[in-house]
Each structure stands twice: as structure tokens, then as C-alpha cells.
Amino acid sequence: MKKIVFQALVSTGLFFGLLFGLQEINWLSFFTKQKTQILTEEILGDIYWESFRADEKEITTGLIVPSVDSILTKICENNAIHKTSIKVHIIDNLEVNAFAFPNKHLILNRGLLLAAESDTELAGVICHEIAHIELNHVVKKMLKEVGLSVITSISSGNNNAKTVKKSAKLLSSSAYDRKLEKEADLKAVEYLNNAQIDVTAFANFLIRISLSEHINSKHPVWIDTHPKSEIRAKYTLENRDSTSTKIKSILTKNGWNQLKVELAK
Amino acid sequence: MSPGKFPYEVQEHEAEKASNSYVISLAAMVVGLPLPIFNLIATFFFFIANRKESYFVRWHCTQALLSQFSLLFVNSFGFWWTVAILFDSQPITNHYISYLITAFLLNLAEFTTSIYTAVNTRKGIHVSWWFYGEITNLICKK
Chain A
1 MKKIVFQALV STGLFFGLLF GLQEINWLSF FTKQKTQILT EEILGDIYWE SFRADEKEIT
61 TGLIVPSVDS ILTKICENNA IHKTSIKVHI IDNLEVNAFA FPNKHLILNR GLLLAAESDT
121 ELAGVICHEI AHIELNHVVK KMLKEVGLSV ITSISSGNNN AKTVKKSAKL LSSSAYDRKL
181 EKEADLKAVE YLNNAQIDVT AFANFLIRIS LSEHINSKHP VWIDTHPKSE IRAKYTLENR
241 DSTSTKIKSI LTKNGWNQLK VELAK
Chain B
1001 MSPGKFPYEV QEHEAEKASN SYVISLAAMV VGLPLPIFNL IATFFFFIAN RKESYFVRWH
1061 CTQALLSQFS LLFVNSFGFW WTVAILFDSQ PITNHYISYL ITAFLLNLAE FTTSIYTAVN
1121 TRKGIHVSWW FYGEITNLIC KK
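Residue numbers (my numbering), protein chains in the order written: chain A, 1 to 265; chain B, 1001 to 1142.
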């Protein structure tokens, strides 16, 4: 019996000794998984975006783009995010929706910009989408919704336009799971806190938009695909940083008004 | 692992059956990976089917069965960890990769040992494994 106990102890010791020894090596840097994933993401993101853009009208002129860019700059600068890596696209679509494609393509519909009553509300939504991007939720959602085989096929070039269009549509209109949404909300609150932007505006936006009172679209997709807004507003407010003074606006009052006028055209 | 003499002269049909218990575990391991329960089930049924056979056959069926338990625990843990990474947003960590390498080495050791034992038992040579051989001696009575 003593021999068995001894041999069991030696075997267990060898197993854990090997395990702990291997843990001392930085395996993550050995594997190029990250690099491969980034490359695949780049290819997929661009394919999806090109396919999506073919059916939509992108707004590239006027006040809208620089206004959104100012908000994005404020968020990125205060959260150590490379602003240039995020590719913002404003789409001339009245549906209240915002979403992200792989390779950091952030798509905002004109309908969503119209539904925001202040630049800080808009900042909240942008923070939420950036959080999805930065937390790698886009790839996870893509794997879940589109499937590995389709992704591999598209990224390797064996794609047909129909499949790409279908999966791009799916990514733009489907939800992340509840856990990922909550993670993104909490990360968005962190971004807003760091940028000294009032979190209350984001919470107000969530509640107001869910009531669909001031929405130009019949289908507020951004809310339909997200967890219950009251719950989201509650934990959003619970996590706000109330220790410092928050800015009430990013753009000037005149700048915001001009933006709203241009959006309404 | 130590090859040696068995208490009695092993017959041809005994050697074949004893060797098959390892072949079964090898085949089930290949088919069943990454779900380790398959090789355990396969060796268990082979063990049940041969429980009334000679001492040599029973002894090796028992050793083949017992040896699957460590793989069951190690591979199950690795399997569910992988599932958590794929479907539950868990990150790939250095610990995870180290665990996979350790599990792989254990599987490889088990695999090569099984082949070695299958070949030797087929020749009628008794092979007793480190630790499992001792437990088998306790469990398996003449």
C-alpha cells in the first residue's frame, strides 16, 4: 500500500511539476493566433463593409462627420484608444441603429443620431459600440451568428456575394448575448467616466428610446436587439462616477443645433 | 512500466485477449478524442466481457481500464476549459496553453505505453505499469 501511495504522489507531483514548469514559459507570445485573427478580422471587416456599403448611402460631407469625429476624439483620447483604428461610417438610414463590423468598422445610422437629444447621449451609444469592438465581442458574435465555416470561406476568398450580404445583414441587425451587452454597457460607463462625460445622458437615452416616443423610425433596432432598457439604465447609473464634475456637452450648443438641422434635412 | 514474468506460462489465446484490451483503449482514444469518456466506456465493456477469463487477461483488462481514469479527469478538464473559451468568452491564457501541453504529453505517454504494452502482451510478456500495475495487483485476484 505504501508503494501505491508513493507512486501516486510521484505521478501527481510529476504532472503538476510539468504543468507549473510550462506555465513559466510565455506561450501566448509563441503563438501567432492573435496576428492571424487580426489579419482575418481585417479581411472580413473590409469584405462586410464593402458589401454593406453597396446597398446603403454613406454620408461623407457636411457637418455630421466632423461632429461625430469630435465626440469620438474626446472618448478615445481619454481612454487610450487609437482613434485612427476605428473607422466610423455614418449611413443615411432612418432606422435607429448602430453596430460594428470586424476590423473596427463602427456604423451609425442617421436615425440614431436624430434620436439622440444631446451629444452626450450620442457619446454613450458610441462608447457602447467601441466597447463591443475593444472587448472583441464582434468576432464572438460573428462566430455565433455566422459560423466558423462561413467565416473561413469568406476570409479565404471563396465567397459569393449573396452569402456575404446575408451575413453582413445578420451582423447589423442581430443581438449580442445578454452577458456581452452588459459587459459593453459597463465598459461604456467606464469610458464615459474617464472622459468626464455625464453617464446620466446615456441612461436617459436608453429609457427614452425604449419608449419610442421621439423616434423617427418604426423599428428602433438598436433597442430591440438589446437587454431590457430599464435594467440597463439602472446598472449604468449605479456604475457612474459621481465624484467629479462632469461635462454636459462635447460640442458647442450651436454646433449641436447645426448638426441636428443637417440631420433633419 | 516494467516488463516481466507472469506467475504462470501465458497461452496464445490469453495473450491475444490481454493485448486487445490495450488495442481497444487506443482505438477508443483516437475515435473519442476530445471526449475522454469514450475510451473509459470502451475499456469498461471490454473489462466486463472478460471478467470470467484467465488471470492474465483479467489482470491486463483491469490495468487498461484503470489507466483510463487519469486521462478521463485530465482530458475532461481540458475539454470543458476549451468549451468555456469558445462559448463563454473566457480568455486564452498561459495557464490554458500550459495545461493543454501537459495534457497532450500525458496522452502521448499513455498512447505510446499502450502500444508498447499491447505489442508485448501479445507476445505473452507481462507488462506492469507504474502505479496502475500496483493497484491492479490489489484489485485483481487469482
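No lab work stands behind these hints, which were simulated from the structure alone. It is possible that part of the hints are untrue.
Taking CB as the label site, the calculated pair distances span [claimed, not checked]:
| hint | chain 1 | residue 1 | chain 2 | residue 2 | range |
| --- | --- | --- | --- | --- | --- |
| 1 | A | K253 | B | A1084 | 20 to 28 Å |
| 2 | B | K1052 | A | L143 | 46 to 54 Å |
| 3 | A | G255 | B | N1094 | 15 to 23 Å |
| 4 | B | Q1090 | A | G13 | 24 to 32 Å |
| 5 | B | I1037 | A | F6 | 24 to 32 Å |
| 6 | A | A54 | B | F1044 | 53 to 61 Å |
Okay, the calculated bits of chain B under chain A, using three or more residues with CB under 8 Å as the criterion [what the hints assert, rightly or not]:
| hint | region |
| --- | --- |
| 7 | 1021-1027 |
| 8 | 1037-1048 |
Beta carbons are placed, not taken as given, at the ideal position from N, Cα and C, and that holds for glycine.
Against the structure, the hints:
A C-beta distance of roughly 49 Å is found between K253 of chain A and A1084 of chain B, which places it outside the suggested range of 20 to 28 Å. Between K1052 of chain B and L143 of chain A the beta carbon distance is about 51 Å. The supplied range of 46 to 54 Å therefore holds. With their beta carbons about 48 Å apart, G255 of chain A and N1094 of chain B fall outside the hinted range of 15 to 23 Å. Between Q1090 of chain B and G13 of chain A the Cβ separation comes to about 28 Å, which falls inside the hinted range of 24 to 32 Å.
Checked against the hint of 24 to 32 Å, the pair I1037 of chain B and F6 of chain A passes, with Cβ atoms roughly 30 Å apart. At roughly 58 Å, the beta carbons of A54 of chain A and F1044 of chain B sit within the given window of 53 to 61 Å. Counting residues of the region 1021-1027 of chain B whose beta-carbon sits less than 8 Å from any beta-carbon of chain A gives 0, not enough to reach three: the coverage restraint is violated. Counting residues of the region 1037-1048 of chain B whose CB falls under 8 Å from any CB of chain A gives 0; the rule of at least 3 is not met.
Against the hints set out earlier in the document, violations occur for numbers 1, 3, 7 and 8.
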